[in-house]
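Spelled out from the first residue to the last, the chains are:
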Amino acid sequence: MSGHESAPAPASDGVQWTTVGGVRVPVELLSPTLPDPYMDIEDYDPEGDLMVLNMGPQHPSTHGVLRVKLLLDGEICVKATPYLGYLHRGVEKLCEKLSYVQITPIVDKNDYVSPMMNELAINMAFEKLVGADVPRRSRYIRTICAEIQRVGSHLLWLGTFGLDMGGAIGGGGSIFMHTFRERELLLDLFEDLTGCRFHYNTHTVGGNRHDIPAGWAEKAIKVLKVVGDRLNEYEDFVRSNQIFRARTVGVGVIDPALAIDLGISGPVLRASGVDVDLRRDQPYAAYDEIDVNVAIDTGGDCFARYVVRVAEMRESIRIATELLGGVPEGPICSLKPVKLPGAVKAKHGQAIYSAIESPRGELGTFVVGNTERRQSAIPYRCKIRSPSMHVLQLLPYLCPGNNISDIIVALGSLDPIMGEVDR
Amino acid sequence: MSWPADAVALCTERFGLEICEAEGPEVSREQVVELAAALKNELDFTFFVYVVSVHFAEVAPVDADEEKGTEAIPGQPDRTIVHYRVRRLSNDSRSTDTFAFRLTVPTGEATPSLSGVWLGADWQEREQFDLVGTIFSEHPDLRRIMMPEDWPGHPLRRDYAIETSHFPWR
Numbered sequence: 001m002s003g004h005e006s007a008p009a010p011a012s013d014g015v016q017w018t019t020v021g022g023v024r025v026p027v028e029l030l031s032p033t034l035p036d037p038y039m040d041i042e043d044y045d046p047e048g049d050l051m052v053l054n055m056g057p058q059h060p061s062t063h064g065v066l067r068v069k070l071l072l073d074g075e076i077c078v079k080a081t082p083y084l085g086y087l088h089r090g091v092e093k094l095c096e097k098l099s100y101v102q103i104t105p106i107v108d109k110n111d112y113v114s115p116m117m118n119e120l121a122i123n124m125a126f127e128k129l130v131g132a133d134v135p136r137r138s139r140y141i142r143t144i145c146a147e148i149q150r151v152g153s154h155l156l157w158l159g160t161f162g163l164d165m166g167g168a169i170g171g172g173g174s175i176f177m178h179t180f181r182e183r184e185l186l187l188d189l190f191e192d193l194t195g196c197r198f199h200y201n202t203h204t205v206g207g208n209r210h211d212i213p214a215g216w217a218e219k220a221i222k223v224l225k226v227v228g229d230r231l232n233e234y235e236d237f238v239r240s241n242q243i244f245r246a247r248t249v250g251v252g253v254i255d256p257a258l259a260i261d262l263g264i265s266g267p268v269l270r271a272s273g274v275d276v277d278l279r280r281d282q283p284y285a286a287y288d289e290i291d292v293n294v295a296i297d298t299g300g301d302c303f304a305r306y307v308v309r310v311a312e313m314r315e316s317i318r319i320a321t322e323l324l325g326g327v328p329e330g331p332i333c334s335l336k337p338v339k340l341p342g343a344v345k346a347k348h349g350q351a352i353y354s355a356i357e358s359p360r361g362e363l364g365t366f367v368v369g370n371t372e373r374r375q376s377a378i379p380y381r382c383k384i385r386s387p388s389m390h391v392l393q394l395l396p397y398l399c400p401g402n403n404i405s406d407i408i409v410a411l412g413s414l415d416p417i418m419g420e421v422d423r
Numbered sequence: 001m002s003w004p005a006d007a008v009a010l011c012t013e014r015f016g017l018e019i020c021e022a023e024g025p026e027v028s029r030e031q032v033v034e035l036a037a038a039l040k041n042e043l044d045f046t047f048f049v050y051v052v053s054v055h056f057a058e059v060a061p062v063d064a065d066e067e068k069g070t071e072a073i074p075g076q077p078d079r080t081i082v083h084y085r086v087r088r089l090s091n092d093s094r095s096t097d098t099f100a101f102r103l104t105v106p107t108g109e110a111t112p113s114l115s116g117v118w119l120g121a122d123w124q125e126r127e128q129f130d131l132v133g134t135i136f137s138e139h140p141d142l143r144r145i146m147m148p149e150d151w152p153g154h155p156l157r158r159d160y161a162i163e164t165s166h167f168p169w170r
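Chains as they are written, first to last, in this note's numbering: chain A, 1 to 423; chain B, 1 to 170.
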């Protein structure tokens, strides 16, 4: 590109200018939906006050391989453009090659922090397509697993959120150590139930594969009580901590109208004061048999998102404990044990959508069945609607005007999981 | 699955659409932006759930064979069906009504982008453009989002040869 001398003088084009942190930049450049990401900064910034910085794709606080191209004026962000695709594995293409039974262990790796949720979401859609019922005992097991998984996912979030703030809480990464200790207890529970710590492959079309082993319910209630008590410790640790409050209160405020327009759901939306939770509004599994108290905060900032997630953990512990006390007897799967991958067949080729409330928001699955006789055990098209992708769309609106250190805190508070964004 | 009555009334009365019980109405490309704006602004469907393109490869017609006794099968053009779904979030009634609609695009032609109505459609339309190759006209930033910028073809097309090696990634 040409140098400063031959660059067109920006003011003569009728460009409107504004000032960000003392630097004159065109208004057009600040638009969050600016079409040209490869803009030549020199054209806009002849004095050379702005700098482009790539945060990621290998950056410890982007929670995966997210790349954010930041246009900086010193420490202040002028513009942020996220780039995805570094973890694209073609899950949807794989779904067109595998049968309904074989897909479950593949989608485990999407949202790798809460695999139970992925399995539940995709199997609920397949059950609708295939027309399979789910026995009541299986619905209870699913709900219990989902709630324990939600606690585990939020615990991981809380730990890494502490790391994002530079170990601001209690020095070093101490909250990270604490939350991982408790998360390990929950993973042990899943190991007892399914044989795996992650990537369980326990849900299947029509029910579950693994029944609750003897003594598991009592152990789970005990573990959930321990985790609930430790949550009080974290609250003492974090909530009134001056450093934590200074880093989170008033940082990354999200306007509820913008959040809804961008398709953001889950704790991020609820922390902006929108009272939506699919567990209560559109009950699935066993949620129609239990009340869900939805945690709301109207702050909209990082601290509000912390408050909402901690309240959700408490609520999940309550739900799981209550359900564990009354798991009904009966079969755990309505279909016969699957011996052949092609045993489960779609009955029609219509589009099916079903959604659950994952720890990150509305996790949906869109499936079109294949009506060809020899292909009827394989989806024609499968799409996963991931909440994290919509949350990342917020970055161009959230970052401008903030410090880099605040961007990292704001990004951490959104809790995106790149495996789910890129699929 | 039953659709919300006011959305059904809007589609049948103002736009003259037929409602499919499973998949919602089929909209024409000329009407879709108008319908989307009416759904959002008048009926409060503010939350965008998904846009999915489903590609159907061309099927050659099969003539009737009297010796074998098979019937003629009509051919299908190369086309893409674009499914949309929106959700109504309301704080007081706690309803989460959803409404779905779809349209058919001959492959290679463009369909209007809805990202001007719902901001949430922006990246999902980019993803469908990237993976299925549906062109959304007047999208502010229609670039590839998942695949590398110089990737040949659209992987989720049904006629995409998955065994072909793509330099230098495979």
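A hint or two may mislead.
What the hints assert, rightly or not - EDC-like, lysine to aspartate or glutamate: derived pairs with alpha carbons at most 20 angstroms apart:
| # | chain 1 | residue 1 | chain 2 | residue 2 |
| --- | --- | --- | --- | --- |
| 1 | B | K40 | A | D255 |
| 2 | B | K40 | B | E138 |
| 3 | A | K93 | B | E34 |
| 4 | B | K40 | A | D275 |
| 5 | A | K347 | B | E23 |
| 6 | A | K97 | B | E23 |
| 7 | B | K40 | B | E71 |
| 8 | B | K40 | A | D261 |
| 9 | A | K93 | B | D6 |
| 10 | A | K222 | A | E96 |
| 11 | A | K347 | B | E21 |
As the list claims (entries may be wrong) - Here are some chain B residues the structure puts well away from chain A; computed CB gaps all over 12 angstroms:
| # | residue |
| --- | --- |
| 12 | R14 |
| 13 | V33 |
| 14 | P77 |
| 15 | D122 |
| 16 | P148 |
Said to hold, decoys possible - One-sided and incomplete, this derived list gives chain B residues near chain A with beta-carbon spacing under 10 angstroms:
| # | residue |
| --- | --- |
| 17 | A5 |
| 18 | E23 |
| 19 | M147 |
Calculated from the structure, these hints are not laboratory results.
Given the structure is predicted, the values throughout are model-derived calculations rather than measurements.
The beta-carbon is built from N, C-alpha and C at its ideal position, and this holds for glycine as well.
- request: Please write out, lowest number first, the hints stated earlier that are contradicted by the structure.
  value: 3, 6, 7, 9, 10, 15, 16 and 17
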